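Assemble the whole structure, with the sequences as input and the hints as a guide.
Using numbering that gives the first Met the number 0, count along the sequence shown one by one with no gaps and you end on 174.
Be aware that one or more of the hints could be misleading.
Said to hold, decoys possible - The following label-pair restraints were derived from C-beta to C-beta distances:
1) 80 with 20: 41 to 49 Å
2) 162 with 30: 17 to 25 Å
3) 86 with 138: 13 to 21 Å
4) 9 with 80: 33 to 41 Å
5) 33 with 154: 20 to 28 Å
6) 84 with 30: 16 to 24 Å
7) 92 with 36: 19 to 27 Å
8) 140 with 86: 16 to 24 Å
9) 83 with 16: 22 to 30 Å
10) 18 with 94: 16 to 24 Å
11) 157 with 46: 19 to 27 Å
No lab work stands behind these hints, which were simulated from the structure alone.
Given the structure is predicted, the values throughout are model-derived calculations rather than measurements.
For each residue, glycine too, the CB sits at the ideal point set by N, CA and C.
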Amino acid sequence: MQRLFLFPTQEEAQTLQRLSPQSPCRIIGVGMAQAAAGAARAIVECGAQSVVLCGVAGAMSEQLLLGQVVEVVEDRVAGLPERFSHVYSSEPQTNYQAVASLTVSHTEDGYLYSDTAPAYPLIEQMEGAAVCAVAEQLGVEFLHLRAISNRVGDPFPKWELSRACEALAEALSKL
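Quick look at the structure:
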């Protein structure tokens with residue numbers, strides 16, 4: 000079964016497209032709404048049975064290094080009231096470090112809700128829970144990999160996007 004690689008932005012996808020041009024990639028957009036709509040469309044149009052959500056993330060844990068590739072094994076939308084909150088969890092599928100993630104609408108939102116996180120190191124990103132929900136609803140196998148581009152709170156000019164994208168593409172080309 001061929002995997003479909005989903006990326007929020009072209010910048011995050013371009014290194015994999017260069018290293019592994021035969022890998023099927025789709026750009027789904029940034030943020031929960033765009034990513035969910037883009038993922039649903041890509042899955043249906045491609046008839047995908049397996050998707051890998053890929054991109055960069057901010058680390059809230061000092062245990063994580065810039066450029067490190069991690070596997071998200073728990074994710075939730077930050078800020079939802081507890082009674083509406085849903086934790087998306089999975090068993091690790093790779094040898095990359097397992098992490099918990101908060102899907103946020105604004106960088107640094109994770110700090111407001113990090114007390115709900117499990118024992119895993121914590122990251123924040125903007126698409127994960129939404130795309131996982133789409134995959135779950137469509138009965139599609141889901142894997143979520145991120146590369147650490149920054150520490151949460153770093154100003155954008157300090158983010159190491161190219162380093163993170165290179166590490167992510169190398170990891171993806173080995174899947």
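Hint check against the structure, violated hint numbers in rising order:
The structure conflicts with hints 9, 11, although it agrees with all the remaining ones.
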